[in-house]
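Knowing the structure of chain A, use the given hints to seat chain B on it.
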Amino acid sequence: MIRYWIVLVLLVASGCSTVERAEFSSATASLVRAQDTLKYRGFTGEKREALPKAFTHSGVQLRNEPEYEAIVGDPGAIAAPDLSCERYVIALRTLLDQMEASKSFSDANGERALDILKARVDVLERALAPYKERSLAEASERMSVPLEGWEKTQVGDVPERSGRKGVVHGFFLAASGSSLPLYVAYEDERGVEDPTYFAFLTDEQAWSVAAFCDLASYLKAQVVPIGPLVAKMDAGDLAWENYLQRGYPQYPWENLLNDKLVSSAWNRPPTHQFVFLHAAPGVLFLLDDAKSSTFEAALLVQALGYIRYFDEDRGWYLGGSLTAAFPADDDVGLGYGVTVHLASTTGTLALPPLDLGVLWHEGQDSDGVMISVGVDVLKLLGQGSSKKP
Amino acid sequence: MAKNHLFLIHGIGRHEKGWSDTTWQPCILENLKAFAPYTDMSPEEIDNDLHFFEVTYDAVLDKSYRQRWKELANAIADTALPASVRSVMQELRQEPDARLPEYFWTHALDAILWFSLKQARGAVIQNVAKQLTRGLKAAQLDGADVHILSHSLGTSVIHDTLLCLAAGTESATVYDPNRGGIRWKSLVTVANVSRVVGAMDSPSDDLDVDAFRSHFSRVQGGDLVQFFVNIRHALDAVTFPRRFKPDWETPPFWYVETDRYDELLNIHDFETQFDHPVAARRCLRLFTGIDSLGTADEMKALWRRYDQKYGQSAGGLFSRLHEFIGPDPERKLGPGELARYFVELRREVLA
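Protein chains in written order, with our numbering: chain A, 1 to 389; chain B, 1 to 351.
Because the hints were derived from the structure by calculation, they are not lab data.
Because the structure is a prediction, the values reported are computed rather than measured.
All residues carry an ideal CB built from backbone N, CA and C; glycine is no exception.
One or more of the hints may lead you astray.
Selected chain A positions facing chain B (Cβ under 7 Å, derived; list incomplete) [to be verified]:
hint, residue
1, Thr56
2, Glu148
3, Gly149
4, Gly156
5, Asp237
6, Leu261
7, Ser263
8, Leu299
Next up, chain A with everything else stripped away, as it sits in the complex (with noise of 0.2 Å):
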């Protein structure tokens, strides 16, 4: 009998404790969608119908305003190109040791929100104290310092609100792990506000908190070593251009057939080329009739061909291909030999272009040898068109 009741008890009990459960689950469920904006990731939300810049505003937004020069000063009076990892940590360290001294920050949030900063820098400071007094660009560099996360940010992860969605702003300390939350803002799907936020910091500490990070991140972007590579950038395109613009012109087929064969990247243009069925006018010089000082226009067509391309800015070129010249002139016969393509890319070369070809001819008449010579090399030379005799 005994043991009945006990069971009984029990059940009941249990049945209790499960109808409790199911409405404390209830409950918890709306107080966890509810604690997702009220008390957001340790942070007490506040409803707020208007927000100061130093929630909404970019740190470049905030940087001339008073409120951010009475917390921070001049922060370009700290930034230099060579700017210390030692220098570094202590204008982060002075300007938080400033906030925890004010009495802005002495109630839970501001409390939760100094101790997140300071994990921060502490991780920092850790990070950069083999480097000490070597710049900040080059600790910067290695992959393992964590100077990211300083930027203000937004994260979806609220429930909706009255079919609006929720989206947080604030910093997102990723080497931290820890989420420093400055307010939340509801918007419907035609972009229309909520008037009603939910903010996280008083005014006060959302100045500190914002003139802070925006600090730590223009420090850091001052010392990104870009001038050294605007020259590389520079020197890289020209090689480009040298390549493609000025080099040995190429039709259609030869670019693709360039494009397959030859190596190349974005930072590395080609340092040769191939010439394939390349048709160009040019002149032909008959040696056997030199006295006379007879020209034939032909049609020159580098059959197969070669190029290559000297110093790094692709100044130069230098190749040869197999020739045949068809000659305007049936008489003169079928033309075919070796053709020497050289000139300067960037005009710098003494030379002019040269494309400079030793032809054997089989003319009805006479065979022999012949000169052919690239129109551009007769343009240059101020010879302007063929002639004939």
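For chain B alone, kept in the frame of chain A given last:
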């Protein structure tokens, strides 16, 4: 000392220096002036907050290919050639009576060259990288945030350029945030074609071609860029094949689809798509760094203007182009198919 530098990357077609003065900039500024505190600002005051930096790359393609082909063909114009060769040269001379329409040479060729020639892609990337680096230096001197706004072919160009720069041995320290480099504050792509004309060969010695698949590449919010907005018009036939629609978290990624237009010919245009109030406000908040931009009343006014300006919205357009692509919109079109698709698209729109 501008606070935000906005790099503008154009799409296909000829773009001389100052190309955005009469196209994109008025559109961006008109939308910006719909919001306080910019409503009554002078151009100089606005420039202090948002400075435009044009990037051009079509001259690289034009001078390296189209013009050189034309010069070569012109040089042998008077020469006796076999009929078949003569017709090819006639096309390369781009004469009015040639079979290829002018649109092919002025617009479609850019996309074809970028898509099919690794050297063309490499030369464009290097040229754009040069301009970005110069612009970035100016932004650093200003202590400014940097943003990118790209359209059509420019979306693919900037995608590959950012990847190459972040991976390059000499450029990573400037362009890879994990190596101490900068992180672009925002990237906006309008009519994104990065999957249509995605790289077939890697243009970088440091990356495999798979690293250039735009749904999975490092050009994402929180990685090489902080925020990423993609704007697409539902009726933009240029984005029918292999649509860019990654399954990324919002934020830091936003996908805005628009469906209104004034003229069929303008659907693909930057202005038609950027003018959408949600798109414009989203982008301008990022570009100015003011997250409170656009009150409820301002947004309502912007919607009214949009409804008046863009009256048309019709489905079922361009059925022939859908047929061209076939039942699988994910099918990768080859360079030749893509050329025919663009020419067909042009005909369809003009018809």
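task = Run the structure past the numbered hints and jot down the numbers of the failing ones, going up.
result = 3, 6 and 7
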